[in-house]
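Trainee: Chains as they are written, first to last, in the numbering used here: chain A, 286 to 721; chain B, 6 to 494.
There's no promise every hint is true.
Said to hold, decoys possible - To give a feel for the contact side, a few chain A residues facing chain B, derived at Cβ under 10 Å:
#1 342
#2 346
#3 350
#4 351
#5 580
#6 625
#7 628
#8 629
#9 633
#10 634
#11 662
#12 684
#13 686
To be verified - In silico SDA-like cross-links for lysine to any residue, where the CA-CA straight-line distance does not exceed 25 Å:
#14 B:63 <-> A:535
#15 B:34 <-> A:615
#16 B:63 <-> A:704
#17 B:142 <-> B:240
#18 B:240 <-> B:400
To be verified - Output of the computed footprint for chain A on chain B, the stretches with three or more beta carbons under 8 Å from beta carbons of chain A:
#19 46 to 53
#20 99 to 112
Simulated from the structure, these hints should not be mistaken for laboratory data. Just so it is clear, CB atoms sit at the ideal spot from N, CA and C, and this is done for glycine as well.
Each chain, letter by letter, is given below.
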Amino acid sequence: MADLSVNLAGIKSPNPFWVASAPPANTAYQCHRAFEAGWGGVVWKTIGDPIVNVSSRYSSLDIGGNRMVGFNNIELISDRSPETNFREIAECKKRWPNHAVIASLMTDTRENWHDYMKRSVDCGADGVELNFGCPHGMCERGMGSAVGQNPDVIEAIVGWVMEVAEIPVIVKLTPNITDITRPARAAKRAGADAISLINTINSITQVNLDNFCPEPYVQGYSTHGGYCGPAVKPIALNMLQACASDPQVGLPISGIGGIGNWKDAAEFIALGATSVQVCTAIMHYGFRIVEDMIDGLNDYLDKKGMASVNELRGRAVKSVDKWETLNLNYKRIADINYDKCIGCNLCYIACEDGAHQAIDLVDEGGRGLGPGRLPGKKIPQINVEHCVGCNLCSLVCPVENCITMVDVETKKPHMSWKEYQTKLAAGEIERIPAHP
Amino acid sequence: MTLKPRITAEAASQSMAEIEPKYRPQEAKVEADRCLYCFDAPCIMACPTGIDIPGFIKKIATHNLTGAARVILESNILGASCARVCPTSVLCEGACVMLDRDEKPIKIGRLQRYATDHVFDNKINVFPVKARPNGRKAALIGGGPASLGCAAELARLGYQVVIFEKKPEAGGLNTYGIAYYKLTPEVSLAEVNLVKSLGVEIRTGIEVGKDIAMDKILAEYDAVFLGVGLGNTLKLDIPGEDKQGVVEALEFIDWIHTRPLHQVPVGERVAVIGCGNTAIDAVTQAKRLGAKEATIIYRRGEEDMPAYEYEYEIAKKDGCAFLFHTAPVEVIGNGSVTALKLVKTRNNAEGKAEVVPGSEFTKEFDMVIKALGQQKQVSMLKKLVPDLALDKAGRVVCDAQTGQTNVEKVFVGGDARNGGREVVNAVAEGKKAARGIHAWLGGQVTAGPVQNSRLGNKDGITGSGFDHPARVPELEAAYYQSKNEVRHG
Numbered sequence: 286m287a288d289l290s291v292n293l294a295g296i297k298s299p300n301p302f303w304v305a306s307a308p309p310a311n312t313a314y315q316c317h318r319a320f321e322a323g324w325g326g327v328v329w330k331t332i333g334d335p336i337v338n339v340s341s342r343y344s345s346l347d348i349g350g351n352r353m354v355g356f357n358n359i360e361l362i363s364d365r366s367p368e369t370n371f372r373e374i375a376e377c378k379k380r381w382p383n384h385a386v387i388a389s390l391m392t393d394t395r396e397n398w399h400d401y402m403k404r405s406v407d408c409g410a411d412g413v414e415l416n417f418g419c420p421h422g423m424c425e426r427g428m429g430s431a432v433g434q435n436p437d438v439i440e441a442i443v444g445w446v447m448e449v450a451e452i453p454v455i456v457k458l459t460p461n462i463t464d465i466t467r468p469a470r471a472a473k474r475a476g477a478d479a480i481s482l483i484n485t486i487n488s489i490t491q492v493n494l495d496n497f498c499p500e501p502y503v504q505g506y507s508t509h510g511g512y513c514g515p516a517v518k519p520i521a522l523n524m525l526q527a528c529a530s531d532p533q534v535g536l537p538i539s540g541i542g543g544i545g546n547w548k549d550a551a552e553f554i555a556l557g558a559t560s561v562q563v564c565t566a567i568m569h570y571g572f573r574i575v576e577d578m579i580d581g582l583n584d585y586l587d588k589k590g591m592a593s594v595n596e597l598r599g600r601a602v603k604s605v606d607k608w609e610t611l612n613l614n615y616k617r618i619a620d621i622n623y624d625k626c627i628g629c630n631l632c633y634i635a636c637e638d639g640a641h642q643a644i645d646l647v648d649e650g651g652r653g654l655g656p657g658r659l660p661g662k663k664i665p666q667i668n669v670e671h672c673v674g675c676n677l678c679s680l681v682c683p684v685e686n687c688i689t690m691v692d693v694e695t696k697k698p699h700m701s702w703k704e705y706q707t708k709l710a711a712g713e714i715e716r717i718p719a720h721p
Numbered sequence: 006m007t008l009k010p011r012i013t014a015e016a017a018s019q020s021m022a023e024i025e026p027k028y029r030p031q032e033a034k035v036e037a038d039r040c041l042y043c044f045d046a047p048c049i050m051a052c053p054t055g056i057d058i059p060g061f062i063k064k065i066a067t068h069n070l071t072g073a074a075r076v077i078l079e080s081n082i083l084g085a086s087c088a089r090v091c092p093t094s095v096l097c098e099g100a101c102v103m104l105d106r107d108e109k110p111i112k113i114g115r116l117q118r119y120a121t122d123h124v125f126d127n128k129i130n131v132f133p134v135k136a137r138p139n140g141r142k143a144a145l146i147g148g149g150p151a152s153l154g155c156a157a158e159l160a161r162l163g164y165q166v167v168i169f170e171k172k173p174e175a176g177g178l179n180t181y182g183i184a185y186y187k188l189t190p191e192v193s194l195a196e197v198n199l200v201k202s203l204g205v206e207i208r209t210g211i212e213v214g215k216d217i218a219m220d221k222i223l224a225e226y227d228a229v230f231l232g233v234g235l236g237n238t239l240k241l242d243i244p245g246e247d248k249q250g251v252v253e254a255l256e257f258i259d260w261i262h263t264r265p266l267h268q269v270p271v272g273e274r275v276a277v278i279g280c281g282n283t284a285i286d287a288v289t290q291a292k293r294l295g296a297k298e299a300t301i302i303y304r305r306g307e308e309d310m311p312a313y314e315y316e317y318e319i320a321k322k323d324g325c326a327f328l329f330h331t332a333p334v335e336v337i338g339n340g341s342v343t344a345l346k347l348v349k350t351r352n353n354a355e356g357k358a359e360v361v362p363g364s365e366f367t368k369e370f371d372m373v374i375k376a377l378g379q380q381k382q383v384s385m386l387k388k389l390v391p392d393l394a395l396d397k398a399g400r401v402v403c404d405a406q407t408g409q410t411n412v413e414k415v416f417v418g419g420d421a422r423n424g425g426r427e428v429v430n431a432v433a434e435g436k437k438a439a440r441g442i443h444a445w446l447g448g449q450v451t452a453g454p455v456q457n458s459r460l461g462n463k464d465g466i467t468g469s470g471f472d473h474p475a476r477v478p479e480l481e482a483a484y485y486q487s488k489n490e491v492r493h494g
């Protein structure tokens, strides 16, 4: 059994799986249930001046038979008083001393930040997370993403907090910004101990085509909501890698965004996250999902011969580099396994209409047929000369491992765009001819 | 006469209820979402009418049910009844690529029913735009599936179409001759109304050759389509066949379709002679209408029966009995049938059924249903169109693509042409004949509904089953025979 315990800038937890600051982390009751189920930490629903919420609050993007592929909300921070929240955090810490309980905070003035910070320390929280991310409601009042979108303001507020910080401070970043490393660097400059990302993305998930009002519906109106769930994972991974690879950031990271299982979590950790935070998947299935996350990650680490989850951290960060460094002389092409092909021809039409016209339909020529195919029906065949190795056919193929991408020996030396430009300028090579 | 109603109205409505109820919306959505949306989809190739199946299924998935129904009905005007009676397991569903992924095929028939029910139940007009009249007139003899398929296509090409139907209602066997639990007459009649809504005139109660002369029709119309189907059930040719209680399968099924279910007379112990799909329809319905025993008597073995596997399964589930390798030699009874004298048979060296000497035995029955298949209407056809060429089996000879016969102006489709196949084949042949008529009269013939690949569908099996009908088991058998391969799995 691998060691799953992590230490994020001094915040220790028995495993990297934290409940994100959101509706599942609203009360002591939920916190107890989360820890009972096996979660390693809870980031409390953001504490601030109690707000008033609207009804309704959530909406989703469903695709095919899959519910909540994407999810959004227009709910604000905690609607409970700071007194109640800090008291319940103290209760939780008393009962779960070895688990991480982090107070998420959002307020406005220097005095108020100092006050909340001190009360967080007093209640026994293991750390705080500054919510500079919420893209709805609170930003209209100059908080949340209004802060996160302005590195100077981040730096100023984090500076205030650090004046009284006796426990680790995590800065939670909004993805609603062009370059995520700017606010991350600002947090670093101001002395933050860690960052967490991503918060939710500005969104409208759907429009009701009968009343022409998007969801969530509030008496004929709606508003921009914060988007999360499985569909945002690629965006989160991208921003995570950007921060993890930036030497000017250099902070431990708690990864957030579309994590629903151990594989997602492992990917986040491989791209540099120390802990991961989960919300939508819990809102969909309940706290019990952590059981497979723990079990699956453990099994994976054992298989890979890693004694601790820390050995996995950052393993994929260096595999991401600028486009200009990629080898132009590397080639891979698609390969169809006819024993697995079911004859749907989706690869054909995807390549034909959507890509590079590099799949032909040919006579089956003795390759054999499966039970679902009509004898005599043409089958797809990769045109090796025209295939650019784009992956599309292998992505649309509905059969696992039917279309795989195989390396082709080009017998050409490594040459990136950067090297190409250098060699061209030096007159060492000819210009590569344009594609016909 | 011991034939009498044996079941209450309430019990009948249960026992004769549709085997496969309509999908609930969520069921339909889940099933539609499973479809991969294949290109050059094998299901289209296996559909004789060439319905763009992935196309309509994707529309169901997006709740565009009217659009889905339009896709279906454009290719097959009897899409609602075909959804219920097509042997999907050997046609579209039998070709589904899901089978190759070791999954259940997409339930195309049930989805097709879901979409077509939507427009019929909600009285949605899927063809609001009428074709511009082209000034040509066509007469269609017979009002069954072939003529309806032909009529819809001709109407959309601008023809003035008149159907002559002998019975009180059009629809042919769809209205009068298919097991009630698969297809109710209401569905068939709704389709008849759809054809009428395209501007087709249907003159019922008119027998051509009796109420109106064929020569008059040939003189008045630019083209004539023969969709006359088949005739009466073949005779047993055994003593006692004329006794009371001996009925033809189609006659029995006709009763079911024209009387209240609880007033359909049925025997207590019913024998059905024959083992085709109509025999199954008869034996299961006899059982469902209250017969204590209902038994199929078939002179060959289980492996030889012409009925589809799933039909056989229905009969077994209904508790019907099967006497294989058995043939009737005499109907016994004093006025009414009381028993059948039977013999055991066996397949001889040539594979033909022969009587086992000394095997005679008697079994009590009070109703005998003859289901040996329908006769060709050779004399009727010869009377209507004396020069019409027929093959040895009594089928009308015609061009495979156009349905044109050897007689000027006369086209053919359906059972009269193919000797007795599915509803969907009749519709396809009617549609082919319509395009044949149009081409013969100098019109432009439209292409199939699906977009071709870059390589086109010039040869082999690509594109739509309307152009190259593909029947999965037959094709597979021929293919593997030619390859001399044993099929794995």
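Trainee: Are residue 142 (chain B) and residue 240 (chain B) close enough, with their CA atoms no more than 25 Å apart?
Mentor: At roughly 39 Å apart (the allowed maximum being 25 Å), residue 240 (chain B) and residue 142 (chain B) break the hint.
Trainee: For the hint on residue 634 (chain A), just tell me whether its beta-carbon gets within less than 10 Å of chain B.
Mentor: holds, 4 Å
Trainee: Would you check the hint for residue 240 (chain B) and residue 400 (chain B), treating anything up to 25 Å between C-alpha atoms as holding?
Mentor: Roughly 19 Å separates the two Cα atoms, so the pair holds.
Trainee: How about residue 346 (chain A): closest beta carbon in chain B under 10 Å, or not?
Mentor: It is violated, given that the least Cβ distance between residue 346 (chain A) and chain B is near 15 Å, above 10 Å.
Trainee: Does residue 633 (chain A) pass the interface hint, meaning its C-beta sits closer than 10 Å to a C-beta of chain B?
Mentor: holds, 6 Å
Trainee: Minimum Cβ distance from residue 580 (chain A) to chain B below 10 Å?
Mentor: violated, 28 Å
Trainee: Any CB of chain B closer than 10 Å to the CB of residue 629 (chain A)?
Mentor: holds, 4 Å
Trainee: Given residue 662 (chain A) as an interface hint, is the shortest Cβ-Cβ distance to chain B below 10 Å?
Mentor: With a minimum Cβ separation of about 5 Å from chain B (threshold 10 Å), the hint on residue 662 (chain A) holds.
Trainee: Return the status of the interface hint for residue 684 (chain A): holds when the least beta-carbon distance to chain B is below 10 Å, violated otherwise.
Mentor: This hint holds: residue 684 (chain A) lies near chain B, its Cβ roughly 6 Å from the closest one there, short of 10 Å.
Trainee: Taking 10 Å as the limit, does the beta-carbon of residue 351 (chain A) come near enough to a beta-carbon in chain B?
Mentor: OK, holds: residue 351 (chain A) within 10 Å of chain B, min 9 Å.
Trainee: Take a quick look at whether residue 63 (chain B) and residue 535 (chain A) sit within 25 Å of each other, Cα to Cα.
Mentor: violated, 49 Å
Trainee: Regarding the pair residue 63 (chain B) and residue 704 (chain A), is the alpha-carbon distance no greater than 25 Å?
Mentor: violated, 48 Å
Checked against the numbered hints above, the structure violates hints 1, 2, 5, 13, 14, 15, 16, 17; every other hint is satisfied.
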